[in-house]
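Protein chains in written order, with the working numbering: chain A, 1 to 188; chain B, 1 to 1005.
Think of the hints as simulated: they come from the structure by calculation, not from any bench. The beta-carbon is built from N, C-alpha and C at its ideal position, and this holds for glycine as well. Among the hints, a few may not be true.
[Said to hold, decoys possible] Just a few of them, taken from the derived set where beta-carbon distance is under 10 Å, the chain A residues facing chain B:
{"id": "1", "residue": "A7"}
{"id": "2", "residue": "T29"}
{"id": "3", "residue": "V51"}
{"id": "4", "residue": "L174"}
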Amino acid sequence: MSEPVSALAGASFQGSVTVQETGLRGMITLRGDLAGAKLQEAVKKLTGLRVPEICTIALKGDKGVAWMSPDELLLLTPYQLAQGITNTLGDALKGTHHLVANVSDARAVFSLQGAGAREVLAKLAPADLSPAGFVPGEIRRSRLAQVPAAFWISGQDEFEVVCFRSVAQYVFDLLKNAADPNGEIRYF
Amino acid sequence: MSTRLPTAGRLIDRTTPIEFTFNGKGLRGFKGDTLASALLANNQMLMGRSFKYHRPRGVVASGAEEPNALMGIGQAGRFEPNQRATTTELFQGLSAESQNHWPSLNFDVGVINNYVSRLLPAGFYYKTFMAPRAAWKHLFEPIVRHSAGLGKAPRDRDPDKYEHFHIHTDVLIIGGGIAGLQSALAAGTSGAQVLLIEQTPHWGGRAPVDGAKIDGFSADEWIINTIQQIENMENIRMVPRCMGAGVYDHGYALAYERLTDHAPELGGPRHRLWRIRAKQIITATGAIERPLSFAGNDIPGVMLASAVRDYAVNFGVSCGDRTVVVTNNDDAYLTAIAMKNAGLNVPVIIDARPQATGPLGVQARDLGIRVETGKAIARVLGGKRVTAIEIADQAGQGATLETIPCDVVAMSGGWSPVVHLWSHCGGKLTWDEANAHFRPDPDRPPTGADGEGFVITAGIASGVLTTAEVLSDADAAGKAAAKAAGFSPKRSAGPKAKDVLSQPMAPVWIMPQGASVKKRMKMWLDFQNDVKVSDVQLAAREGYESVEHTKRYTTIGMATDQGKLSNINALATLANSLKEDIPKVGTTTFRPPYTPISMGVIAGEAKGDLFQPLRKTPIHGWSQTHGADWEPVGHWRRPYCYQQPGESVPDAVNREVLNTRKNLGLLDASTLGKIIVKGPDAGKFLDMLYTNMMSNLAPGKCRYGLMCSENGFLIDDGVVARLDDDTWLCHTTTGGAERIHGHMEDWLQCEWWDWQVYTANVTEQFAQIAVVGPNARKLLEKLGGMDLSADSLPFMHWADGKIGSFDARVFRISFSGELSFEIAVPAGQGQAFWDTLHDAGQEFGLMPYGTECLHVLRAEKGFIMIGDETDGTVIPQDLGLNWALSKKKTDYMGKRAQQRPHMQDPGRWQLVGLKTTDGSVIPDGAYGVGNGKNANGQVNVIGRVTSTYYSPTLDCGIAMGLIEHGPDRMGETIDFPALDGAVTPVRAKIVDPVFFDKTGEKQNV
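Chain A with its partners taken away, still in its complex shape (with noise of 0.2 Å):
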């Protein structure tokens, strides 16, 4: 095995935000019954986190659970780590209706970070990122112009975007675009 590549090579951008591909993230889709006692378990063991609610994410430490569907979530670990918990999670799901896949490597992460962060997507999804809109603790399956995106908040100021893998460029330039420091309008 080689040295697993990010599609940008951490690609970052200083404009009314700072854009930045942060690399690869393990992520790990997984259906099943949410309200299941197996998969809950398996989810905490696996996370220390539990299943979080209706279009949220749990978000701990270098960990983090996202409420995808009514019967998908989305798993957030270190790289590394996403083929074995992939490995230990079918395992542990063995005998329950689910599906597990490890994707860690279908997706591109950007973070954006500044005071515009909110006002930058905006410009690109449909979403209410209004700060009554939009808090802490959720996540919104949207859509970037064209592509599909999610997005949650990952911190003060600062967001973090996922998209496919192979419109990393695109979702990267339209972000650059976004934040050009002339069109802030700094409506929220």
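Guided by the hints, dock chain B onto chain A, whose structure is given.
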């Protein structure tokens, strides 16, 4: 002449002169001017030519409703046609040119249309269709083509930046006049999030011009105070230069912000499209003054009374030295008084009403202005500028009583509330007899998902006309909107205003009442499109009773101003002609946008590199630097071939084909869809989705499968691998990954929701590389790792293991007929894996190959390609794929449809191979022709080519095609006429579609 007054001009800054050009001539205005006010200040009343008759046109209005003063603004990539001079803010270096004339604005050859206007009546365009066919080609079409379009299209790429901005708010208020400001304040005190937008750069609307007094302050003072209050409230945001363009379902609204049109030196986006989701929308959009219909009302110098007043008060511009006011209401008296106060001459006020005894009438007389009541303008004299008017009795037929020299006619036919935004999403109107206008009916608003109204009007837009009513209506609207949005507005009294009592207006739709046909042919309703009273009356006579039909027949209201000035007058004229009540005739449909918005802002960021997402595989960068000639496949770019220095594209393809057949090829197949299907019912599910059996596929094995829609047509194909007992991996076509995943989820969620199946699209998790050719195994064995011998991994099997140091899943499948391994590794290692294969493969003659080589290889083997051999009308049976249709299964998607008579018709075109008799290549898309002609006298068509290539392996042109009774006609030759109409068709023999290695020896080693 029009000129700058020595004083006045509340919006201009006389200390900052601005240079600009008009038709190449250098002119000067002031900061704060609009292009229209600056042109008037330079005595340039003539600003354009009308669309149909090329008549001289002067500015009529002072705002968004302007039909005449349309300009081409800017140069090169920044050139934009049809920009209203009245809403174009002046800036240093602005370059404007007038439109629709040749050779010049002053002397226009096209004006000949004016003299033959008798030959261009209402419905001219439609009437041409009734003429002999030849007339269209030689007479009408050249005329219509020549005169079509108003401004010029820009020639260069637009260099500016545009963007969208999505926001959610509680209350959106459209219009920043005193009504909008008061509504914002009233709604804002409840704590609701309020967005207030205004299309002009200025807040307060026309209240200051009209001299309103509010709470004891002048309008200007009140506006400043109110803005101050609003700015202190964090929950209210104000955006000037932002027009409410449209109101749509569920509180969605579009607003168009012009950020740098007034100051191109500013960086950043030029326009911003606000995409607003509001709980409640208030339209405080004001009203538009109506013209009056009298003969010659289109001659430059005839203007709306309010506009004449605006130019004087706002910009310190007098539109002329002698202004005649003609009116049916009191409001226009303000113009006469304003002119008089500015030291200008007002020879007469012509009031169509029998008397003028209101306070304004008295005031005007006290100022020494002559007021003639019960009178009309019989005719305006002048060509490119008004020179005089003739007075007649309004009640008569227009016999001239007196001629009065003047250079401006300020007309007012009353005020129409701007109901556009209210109406966009279904708000209904009611006819107000007293004010002779349509106003929003508050009982029939546009309704949201809950069945409740989501738009409220405020101020003049509601149909109230006095300042006091405007403010109390706006205050109530603001509070009502906040309440409807779930907030509790404070109980506070709204501001108070005192109005001068006014005398009721009298509707006047034609002036004078008994005007002759000759006069009516000179009464313009639509100034831009040249529609006159006589045209609407003609339409009525010709049977056009519906206002919508009349609109299209006469083109009234179809110009770039969308009839902002003409609509009400036109439908009143139509109603009178039909002897109907105006409300019975109704209005035409109001559609967004309110005024035109730029194409750029609609596109937003989607231009240049961001026009469309471009999907890239992990190996994209390598291909880019290794001669890839790109081909779009869905949103992906795939290398069509890898060109070597000095090599042509066809040469590269031929080299890649021969090398892969002889040595070793490497293909980036990462774009193929990969969908995991898992669960106790997954086998049952796949048996429904695919035409063949998938449930009985053994773990470790692969099987080619076909997917059909429920209508029986092929929608996708690919190799399915069974991963374990309840897990399958389905490969789809490159373009089909998302579509097929959606198709699967659709059926699982909507139809078979009780089946236990989960799917996951893992297409992008893997880089998939095909190692293809006689040396394929040698290369992989050199790298070491898993056992890939024919015994351990036979054809149509897969295995997990290691290739060198890479974790890999190897599929022994072949789309080329060669020994082939498709190897999936995590995408993050895709490039490294490719590099490893590429370097190690050199000794085996490895060369990368692209999609065209892939196509040639598969065509030589007779493999079909979704999208080439299929086009949405092709079923597996057409392609000789009956072997892949399970007879064991009771059902699969498409089975029933394929049993319909048309699908069973033996006459359906069927797949065969085609080999040209002279070795040439059949043109792509060519049709095969048979004997005789069809009922239309066309040559009978008996089939078509679906794929066609030069085969370097066989050194001749090969093709696949769908041919009538094809498989029964082996050995026959068919003609394919060339697409360029060459006399000699390409001749091809019908052959087996498998051109190469029919027994599959090469792939099975």
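Legend entry - Hinted contact T29/A with chain B - closest CB pair below 10 Å: holds, 5 Å
Inset, instruction - Would you settle whether the hint for V51/A is holds or violated, based on the nearest Cβ-Cβ distance to chain B being less than 10 Å? - result: violated, 16 Å
Legend entry - When the least beta-carbon distance from L174/A to chain B is tested against 10 Å, hint result: holds, 6 Å
Legend entry - Hint status (Cβ of A7/A to nearest Cβ of chain B, threshold 10 Å): holds, 8 Å
When the structure is compared with the earlier hints, a violation turns up for hint 3 alone.
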